[in-house]
Amino acid sequence: MPAVSKTQPKQKGDIILSVSDLSKQFQVGKHTVHALSEVSFQVKSGIVTGLIGPDGAGKTTLMRLACGLFLPDSGTVTVLGMDAAHEAIRIQQSIGYMPQRFGLYEDLSVQENLDLYADLHTLPAGKRPARYDKLLHMTGLTPFTDRLAGRLSGGMKQKLGIACALVSPPPLLILDEPTVGVDPVSRRELWDIVYSQVEEMGMSVFLSTAYLDEAEQCSEVVLMHEGKFLGQDSPDTFSAELVNRTFVIHSRGSNSNKRKLLRELSFHPQTIDVIILGDTLRLVTRESMDPKKVVNTFALDPQKWKINASKPRFEDSFIDKLKRLKGAAAENKRTVIAAAKVDKRDTGDAILVKNLRREFGDFIAVKDLSFSVGRGEIFGLLGANGAGKTTTFRMLCGLLPATSGTLQVAGHDLRAARAPARAKIGYMAQKFSLYGDLTVRQNLNFFSAAYELRGKRQKERIQWALDSFGLAEIQNSESSNLPLGYKQRLALAAALMHEPEILFLDEPTSGIDPLARREFWNHINGLADAGVTVMVTTHFMEEASYCDNLIIMARGQVLATGSPSELTARYQSPDNPEPSMEDTFIHLIEEFEQRKKRPENTTP
Amino acid sequence: MNFTRLRGLVRKESLQIIRDPSSIGIAFFLPVLLLLLFGYGVSLDARHVPLAVVVEQNSPQAMALVSGFKQSDYFLPVSMRSIQEAEQAMMQRQVDGIIWLRHNFAQELMTGSEAPVGVIVNGVDANKARLIEGYVTGVWYNWLERMTGEQGQQLKMPVTVEHRIWFNAEVNSRNYLVPGLIAIIMTLIGAMLTSMVMAREWERGTMEALMVTPVTIREITSSKIIPYFILGMGGMLLSVLMAVFLFHVPLHGSMWALLCSSSLFMFTAITMGLLISVAAKSQFVAGQIAIVITFLPAFILSGFVFDIRTMPVVIQWLTHLVAARYFVDILQTLFLAGNIWPLFLVNSAWLALMALFFLMIIKKKSHKLLE
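First to last, the sequence lines map onto chains U and Y. For the first sequence, our numbering begins at 284 and goes up steadily by one. For the second sequence, our numbering begins at 34 and goes up steadily by one.
Any given hint could be a false lead.
Said to hold, decoys possible - Straight line, CA to CA, 30 Å or less: simulated BS3-like cross-link-like pairs of lysine-lysine:
#1 U/Lys609 x U/Lys313
#2 U/Lys327 x Y/Lys401
#3 U/Lys313 x Y/Lys398
#4 U/Lys410 x Y/Lys401
Hints in this document: simulated from the structure, not taken from any laboratory.
Generate the whole structure from the sequences, applying the supplied hints.
In structure tokens:
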């Protein structure tokens, strides 16, 4: 493809970034990772373009290539008419870039960080005060100029990172996963900042994200998966392909058999995707049809189920595209685990928490927390970073003693009898805590031995894990070389070796691709069906919707409790007939902050 | 090189130095600790050597010899009743040597027929054994001289040695060790400081953000050299002050020569640190490499303790690659002998050459790339 002319594009719709036949490989140990394979697309100026895909899609590699931080193996990236491989320094003089960890100096104050970037971009001293004012005002950081960047919250760091990238207004702003690990309120504020730049300065923005729901905020979307380009269009066009193919199935009576229905539907050839969202099921069909036809096609009992058409989401189209890409390979992998046998006669609560409190010095991490979880229930703990999720979780697992309150797990008082309670708990940590140097089988061996399984029983359980999680073929591969989805399955298998009654999952599917996430949740649903109680923490709003019940936490307190449908129903309005879990969460946080402000204003 | 950018980076670096105790710790705490540890702990002198003295039969001559040992600063004599007891003490390492005056010592001395004093020295530490042996002989000659003088005879000795020790008249090994030690410490500090602060930028992901600005590699490199050079020189000054005022090492050479050569050496050490950071992207690895490739060779191959001329030829060649070797030479000369310009200039030229060489590699190997 011929080089784009060197004059800087200024008109809206001109090509500001162009990628052609771009490939990049990395050597990781003995393995070659194809981070990007022959990717081509173009980014238009004056709009927000989202580079969307799960972890491992090649997003960061692509952004770094565009910034001249990597050299391509083949193909070219042209930014503002300049070749990133040969004119990197000129590109770096022009663009604003924020890497994944914001690139801030944590031991420098907000002002000092801004000063540094102003110096690096040689912004004339005369222009600085006005620019600083504008950026600080826009990011709401004006009261915090003297605070060290390391002392800022995740959301504030992110805004400071953007302010630094914008110090000398660039024609193109590149943001690499700006919303990772940031609470939904700050995410929404980030989008406001981004759009203000686009509208006021005519800036072009190219950003990457692993959150599929953010695609809808972009004017145009570039979809990637495992280093390959899947498509580029406006989000509406993506969704348009799915009109009349997305449905919500409500239960008319007791919802006890929603998991059975999930299983039935997931094997149906007409099904592209089916997931549990609270009390409902969401179905994406292969062909377009009306709700009546859905009843017929899937042989649903109209006495039991009510079917409504639903607005297609971006995630639906991503799944649709992935399924087509992978073809039949993805179809029949849906194994349902014949899970642990739990005594179903025991009907008491699996987890009972009353007035739980935990203090760290003066700081109250968890404040008067009360909830109960029934057996076989999937229970979610939703909150932003710092909400007290992890502290609660650690207390429930017996890793951290409570300051006061009652804590019962599987019928045992955790404050009195920690060991017997632990024997009934399976725990899957956030980063999977596997031994990367050991093979899959060796990991299973180790974890089963750690749970005191021996001899025949140990062999049986390992075989069970290999069979039900599809790990048999890769049992001799080192676990560090496995794709994320496999690592996750292995970690789940390891946590289930001793047939626990209660399974704790800490942020189980963040960053994972939606297909792998669905597969994982199929396993979890299977376990719940067999009577295993599952407790999940997540900051991922979508994941919260998969739970039967959940509590939403902020600053150590409970903001709301209920099923996902109950919670979202609170904020239904004519403007927003189907509020998402994220909308609900933001509403709840805003209400909470306002309630907090009132007493503070009255007492000086 | 753009002045605004460089100023911004240097200011950033200085603020980080002030706020992060680890770099100040490396620059000031580490030299103090190492100097105290080595300055007091390592000594190549034999002083107050515990010595068993076995006198089987008292006589005026025997008493005179024993008192000769008692008066000597080098020995701490312990009287023992029998040679068996003394041997036992030697086995248990309570004493490092035995002086054995047999029962016939006085008689034999009069008749002058055979060697009357038995000396047994613990030879495990060959160096020390040789020192003890020498000191014992010294005491013995003193005594002999006195004895013969008292008896009005002239002791007939074929040669009388009239010795004088140059440069370190007190023959105090600390005077020789401390300047060398300063060179070793400065190697570690210069290399460790810079390699670790560069690695910190990689570790914290700030390097990535830095690279996507108009900044050039040369500006980044300079912004690391300037503040850490000043910091390192602060540590150097502290070490020199400690050497002069705490360890009382005489400084014969000029302050200017000291300042010039230390600046040159600090610069070389910092370029070594930058070179390490080309390969090491984590602080832990950078610290380890700094110790293994700068501190250890400096310790062993710089001639700070182990004389280079006694090493096998191949190892002697190898010592030319160790920058500390030149600085050890400069410092030992400046402190103990004074301004010996030919030596000073040759060593300085080597240091400058090394720094230049390192800078060239750094320039070739650093790119504004993440891979």
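Status of the hints after comparison with the structure:
Annotation: proposed proximity of U/Lys609 to U/Lys313 holds, straight-line Cα distance about 26 Å (limit 30 Å). Among the hinted pairs, U/Lys327 with Y/Lys401 is consistent with the structure: their alpha-carbon atoms are about 27 Å apart, no more than 30 Å. Using a Cα cut-off of 30 Å, the hinted pair U/Lys313 and Y/Lys398 holds, with the two alpha carbons roughly 24 Å apart. A C-alpha spacing of about 28 Å is found between U/Lys410 and Y/Lys401, which places the hinted pair at or below 30 Å, so the restraint holds.
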